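Peer 1: Chains as they are written, first to last, in the working numbering: chain A, 1 to 101; chain B, 102 to 626; chain C, 627 to 1218; chain D, 1219 to 1885.
Just so you know, the hints here were simulated from the structure itself, not pulled from any lab data.
Model, not experiment: these values are computed from the prediction.
C-beta: ideal position from N, C-alpha, C; glycine also.
Any given hint might turn out to be false.
[Claimed, not checked] Keeping only pairs whose Cα atoms sit at most 25 Å apart, straight-line, the calculated DSS-like set for lysine-lysine is:
id	chain 1	residue 1	chain 2	residue 2
1	D	K1625	C	K1061
2	D	K1691	D	K1625
3	D	K1783	D	K1863
4	D	K1251	C	K1061
5	D	K1783	D	K1625
6	D	K1248	C	K1061
[Unchecked claim] Cβ pair distances, simulated, as ranges:
id	chain 1	residue 1	chain 2	residue 2	range
7	C	S1140	D	P1486	53 to 63 Å
8	D	W1256	C	E1138	26 to 36 Å
9	D	V1878	B	V494	28 to 38 Å
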Amino acid sequence: MSGMFPGFLILSAALFAIGAVGVLVRRNPLVVFMSIELMLNAANLALITYARYTDTMAGQIFALFVIAVAASEVVVGLALITGVYRSGRRLDLDELSEMSE
Amino acid sequence: MMFPAEITQLAAAPWLPLHFVPAANLVGILPILIVGGGAVMVLLADLLVPRRGNLVLPVATAIVLVGALGTAAGQWAVHASNPVVFNGAYAEDRFALFADFVILITALAVVALSPGYLRRRGMEEGEYYILLLASVTGMLVLTGALNLIVVFLGIELLSIPLYVLAGFARDEPLPQEAAMKYLLLGGFASGFLVYGMALIYGETGHTGLVAIHHVLTTTAVSQQFDPMLLAGIALLAVGLSFKVSAAPFHWWTPDVYQGSPALVTTFMSVATKVAAFAVFLRLFSATLAPYRAEWQVPIAVVAIISMVFGNVVALAQTSVKRLLAYSGIAQAGYVMIGLAVGRPDGTEASLYYLAGYAFMNTGAFAVITILSRRGEDCDRYSQLSGLGRRQPVLAGLMAIFMLSLAGFPLTVGFFGKFFLFSAAIHDGQLPLAIWGILTSAVSLFYYLRVILIMFSGMPQTASDEEIQVAGVSVGGAAVAAPESAVAVGVPAGLVVVLAGAGTLVLGIFPALIYTLLQGITVVHG
Amino acid sequence: MTWPILAVLLLVPLGGALLILGLPGSRPRLIRICLIAVTAATLGLSVVMLVYFLAVPGSAASRLSGRANGQSLSQVHSPVTFQFQEQLSWLHTSSSLSQFHPAFNEGNNAFNQAGPPPINFSFHLGVDGLAVWLITLAALLFLVAAVVLSRKEERLKAFAVLMLLSEVGVIGVLTSLDLVLFYFFWEAALIPLYFIMIGWGDERRGRSALKFIIYTVAGSLFMLLAILGVYFITGAQTSVYTFDVPTLIAAQSFVSTTHATTFSLFGHSFPAMNPQDWLFLAFALAFAIKVPLVPFHSWLPDAYTSGKTPFLVFFAGIVSKLGAFGFIRYNLTLFPQASHLFQPLMMGLAVASILYGALAALAQSDVKRTVAYASISHLGFVVLGIFTLNIDGIDGSIIQMVNHGIVIAALFICVGIFEARFATRSLRDLGGLAKTMPVMAGMFLVVALAGLGMPLLNSFVGEFLILLGAFQVSPVWAVVASLGVILACWYMLRMYQGLTQGPLRAPGGPDESSVIAQAVGRFGRIDLGPVELVALVPLVALMVLIGVYPGPIIRYSRFSAAQYSQAVARGTVASPAARQVTTPADGQGRGR
Amino acid sequence: MNPTFTLVLAAIVLGLPTAGFLVNALTFGKLPKAVVAWMGPGVVLGSFVAAVVALVAMMSRPPSDRGITIVFWHWLNASVGSGGGVAAQAGLNANFSVRIDPLSVLMMLVITGIGGLIHVYSVGYMDHDRSFNRFFAYMNLFVTSMLVLVMSNTLVFLIIGWAMVAFASYALIAFWYERKSAVVAGRKAFVTQVIGDVGLVLAAFLIFLNLRGPSGRLLHTVNMQTIFDNVGPGAHFHQGLGPVGGGMVTAIGILLFLGAAAKSAQWPLHTWLPDAMEGPTPVSALIHAATMVTAGVYLVARFHPIYQQAPIAASLVAAIGIGTALMAGFIGCTQYDIKRVIAYSTMSQIGLMIFAVGVGAYSAGMFQLVAHACFKALLFLAAGNVIHAINDEQDIRAMGGLSQRMKWTFACFTVGALALSGIPFFAGFFSKEELLSNGLALGPAVPWLWLVGVTVNVLTSFYIFRVVWVAFKGEPRSEAAAHAHEAPPVMLIPVVVLAGLAAVVGFLNIDFAGFAPVTGFTSFLRPVLGVPSHQPSDLVGGLALLAGVVLSLGGVGIVWAVYGKAVISRELVPRRLPWLYQLSYNRCYWDELYDYTLVRPVAALARGVRTILEPDVVDAAVAGVRDAIATLADDFRTFQTGFLKDYALVFFFFALVGLVVLGLRLT
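Chain A extracted, bound-state conformation:
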């Protein structure tokens, strides 16, 4: 096991955690979105680390796909956020709680 290997993984896990906490604590959908992106990129980091470690290509390709998918998710997400904004509501996720129970 190469020396730097656990380091990258720990970094990846930390990024993932930061992203998750971001999702949990922020109320602005844009920031939440960015946190999700952070989580996905944490996974990308892990994938690439592993790809290096196992000396296979699959992880790198996987990461590319994740980046592409994340991008398309962002497109949809931004459109939705725009929609909410245009309907005259504040960009606050706590406002979006009409349905419950």
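Given the coordinates of chain A, assemble chains B, C and D onto it according to the supplied hints.
Peer 2: Same frame as chain A, but now just chains B, C and D:
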């Protein structure tokens, strides 16, 4: 490693522009190609035809779906001896094809319901059909996925159009909320899923399920369980549980089901669940089978929590859509019994249940879509009151779906549960079966209450006290029931009647599907 | 019998239901005629079946195939024999169900070692001396209900269709010889019943219906698990994986009840009772709720009070018998040893039902509730007879089931007649009506007497045999149970006298002519009309006939009672075959 | 006897009243009254004729050939033949078979003879009743039932007759159903009878399940002749029903007597009889004097083979009989309702009969039964004439002076009173003195039970002559009594006939040598009942007889002293011994005792079931489960807050749980 040398040596048809892809591979994914290509065609057609009230798009969509269905049927009939294509990335085995059938038929039903529903709700947009087809494409990718990357792609391809569809009624506040919740939570769950996949990949060195299975078989025999790998499995399970809306990862389900247009909910609740369960079953019952002892109990616990939570909370609902959402959580729990059992009979039972679920849940939602009107879906209990008098046939069909969801004989729901419990008992998973039984008993209350509301013919005020169970006054919402019968279009009527007929026929002759299931093969790695 | 009479018996009401479904709802007279014709045809068919059955009792031995512990099961016959057997494959799976792709099926994969057992169930129909009588009773009561059903009933068409579907379900339960088929009918019969219950009746019907259905189904669901348990346990021990009832009954001779459980609770084996005992209890729960036995009866008074008379005729008359039928057909034959183990419990519950029902009946002022609790008390006798496990008790129960069906239907018709005329069923509001409706009072008297077990009326025969059977098991229980007879006399007379005797008391005043005028105004007549006579007279005639000449019923129910008592006797005497079963290899047996 | 001939006769005896009942019942009162008036009594008298023919036919045979069993139909055969994998097995085999022997013929004669007379009487008595037809339907049904009871040769049909009689009695007691008291009395009678039925049924079970034949094999029979053959004296004691005096026979004897006590109104099941006087008077005469209440005596006599094996049970029977006789006589002394006095008299007299059959003097008991049937029916019918004449007034305080206006009735009533009191040489003299003297030689506690029995004589003559004096002598004490008229012939003739019988029937037991066919009552019954094992010596018997007569006359003397000459104040006992008087007047408080210890507790229990157990336990348990789930639903759904970040948090939490659980392999 992705493209070994022998693939390039295979002769490709000279007329194929993608000459480096063997024709067999393309034939293997023909349904996907048809639906995916169809989506593009419909996109183009949308530009050409006049916008509102035109039947070209739905008809075209339907043709695409029928074509895919026919192709899938052909593949089933051919029953290729080695169904693996694209070098182990995808399998058109019968397991996948079975799920494809269910998905395509559901999509077809949704398309048949669409023109009328969209017109009533005033959202006749061509994008609707495109998004639908795109989502179906994702589902078809998912059912046969033999590589973690493909699984991820399939899930996202399935989900992203649905995020849009959920918020398709752009001018209403609830769909916006639904779409936002779905998108953010979906992305959140995707993070877990991908991270889990990354861990599995890292610990096994493979993304292909076949290779992963080999590695796991070895480590399981030597009892060298890798905690990172197990953590990856856990995250994978969490991500998939989210997609099948199993508790406690179901939180998006009630809100999204309620907020989305009823027809989207129909599609979401059935097709998504089938596709997600297909990959769930393949991954766990097959690929991760060597680690069954490790994941069985957590999965069983999730199943039990789903059954309990879904059924219990459904009791307190007053909206049929929301009721069906919780019911869907519970049904996911039932299907997970088969998953937790993991043996072939468990897998079969789950598939049988999913097939039946497609009929009954599509039918139930279809009734709701038929009752919808401009600006809202009429799904409050109070709006169903007296339906038995106004529209006895529709109410009768709804009753069949409710009975089926409750698991009564004569309906497909009975044999679904029968096979599931049978598998559980055979595997010695008595607690699963007992929890299934107990929660089924609880579920009777709310399913039968819907029938009671439709048929009892009692004035709403009288039934308030009668049917109230959790302190929720059913009549409290005071939404007036429609006075007159709504018009049921021919395609919509056909869908409901066929769903009802299917529910009954499969409930009386389980062999019709079960013999199909007997021939199933699962490529599992 | 060369033609499939049982299938026809199922198809006639089903076809009738479809026929009526096709009739216009605006023609109530036509619908009613069709309904009566169909139910009458069913009764005719069942009588034909009865005649053929009586001609050759117990001729058809059941077939068996399979091997257990080196011995071919075909050498062993089911102790209970069935006639008119018809069998159609329903679901038949091979033993290797799904193959996980062979190319990848390597290594030491625990997953693929034990393939699932085949699942086989079939449309297997057949009857014995227990079922024939109940089927005939059912057909009769449905005809009576059809007669009682008024042409002016709202949504007549729907009622008629649902009624015929109920008949299909009930006959299905009684004729099925496959556990899955049995459960299928058992539950499916509830659906039309539920629709009738929520559609017709008093304003509390919705609650009553929900309570009934949830209560029954909740109990039945455990039976579903138990059915699967029987399947797998029997299969594991005898390698005969089947839901076929005769085969299972025969196979019980080979099932070792001391063998450790095949169940496990996440790896821990199940403690205390052996699996057979749990299965027995699961079956018993379903049946105890259906009968119902105290304390599982709370659905009954509500359901009986809410229902309309035609519904109650067949609901109280035959549906409650299905529980008792199940006790005999399944509990005694499939779990002989557990039947002996739980005999005190079941007899205790039965006696508790007898006394509790009687006491509760004694305190009611609502006559419908009185009849409801009386029914609990009477059915307590039936269950008491069954769990004497001897020939007299079981025989008495079979007869008493028929008797109770006749009596309770007649009682509900009578009570319904009072309710229709006076719009009340409270003993506080009614009295002395013999003066204004002498014919009714006469009929009601016979019915009430039959209800209290008067000799030369039908119930006496059954109760006598049941008590005789119980006395052989435990004189104390028999003596305590016979207190129920005394209480029955008390509450029946209380009801009969309360309604017909004493000073005239009815809505409309104490004056005879004004009472009559009120009733005529509300109903059209005061004493029995022709339709009501047509419904009541056959029942009353049967009460007398069976009371005076019970010979034929006994002669053929006796045979089945003997078979059942013999089947359950396997629980005490270790048969040679059972002793051979030393260590039934769990894995091998299941492996196939 | 010729089976075919006997079969026909028995069929006629049974069939005529049955037909009468059916015709009457199935026409629902539409039959013309005149037809019923002829048909009702006619069928019973026809039956009587057939019974007489049967008697004559029987007497023409030697004593050893006077019993025959005839099977009418196979009612229920629960035996199983072999086949179909089932072994052959004997089961309950109950035919409707009848036994024609001196005992049953005697009972048939009493039932149809006296019954016929009472039917005739009823035509007059019920003339104005609007339910004339119904009355005769019930009466005929009663006769049928009673005949089934006495003729049956099968335990099961004995029980059937037993219960049918109870029903007929109930129907007739509650005949005037608009009277609340009649309805209640009917119900009380019926419920009490059912208690007795249960005793009988349990006894039948014990016999059926335990009787062994000579070879020691269980017989599983309900055929009474077979039973008697196998328990009778001289037979294999250690088979049958076990050893003499063993638990089995004793239990059977006691259970049988439970049935007998209910039917014959013996303590502790006696309280229904006085209330039964709510029925029309002919009913009281037929059912509650002449026939039904004596069924208990018949039962014990018929089952004497068993009682002979069960001395403890027999002694109990005797003691209860004599005790009831004393108690009823004591109560009868203070009652004012004329019918109740006679009812207590009946209870008392039947107590004596029960005593007799208990000590083993079976034919003496039966003889008293016959004599009692005559004079008690006479008393009731005569009382009925009185009641009819003074507008249904039954209180003797409202009568008086009737001897002037109703001479025939008075005469007949007096004959009945004399017969009842045992004044020589009326019927009661012969029967009762024979009966009592047996107490000096047989049974337990000799001679103390006899002493009690003789004491009853004083009470008997006191209460009945008290009625004679108060009701018939003196001045009319009411308007109605002053204007009373003699009854019409249709009511009077049966009374006169019965008076004649009451006067002479006692001579039946005198063995006129060569005066065939009447050969003396005891010898007539000897083929069935045998003779008592001991007789008192002539001297002792003579002294006992003398004592009895003296005491009876003493009772008359007291009445004369109190009511005739007023030598003794009427208020003596009420004033000096008020507790004694109250005890008697209030019927020893048995009704109250039963009300507080049985009826009310059961009713309270029933109410408790309805008001507490049902709603608060049974329903509450179900509702509790439902509410618990509903509460759970309410709690659970609050988790679904609607806030996205809550969702994400819970999701995250459970994902961590899964991660930890799986990652650390906690499963």
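Peer 1: Are there hints from earlier that the structure breaks, and if so, what are their numbers?
Peer 2: Of the numbered hints, 1, 3, 7, 9 do not hold.
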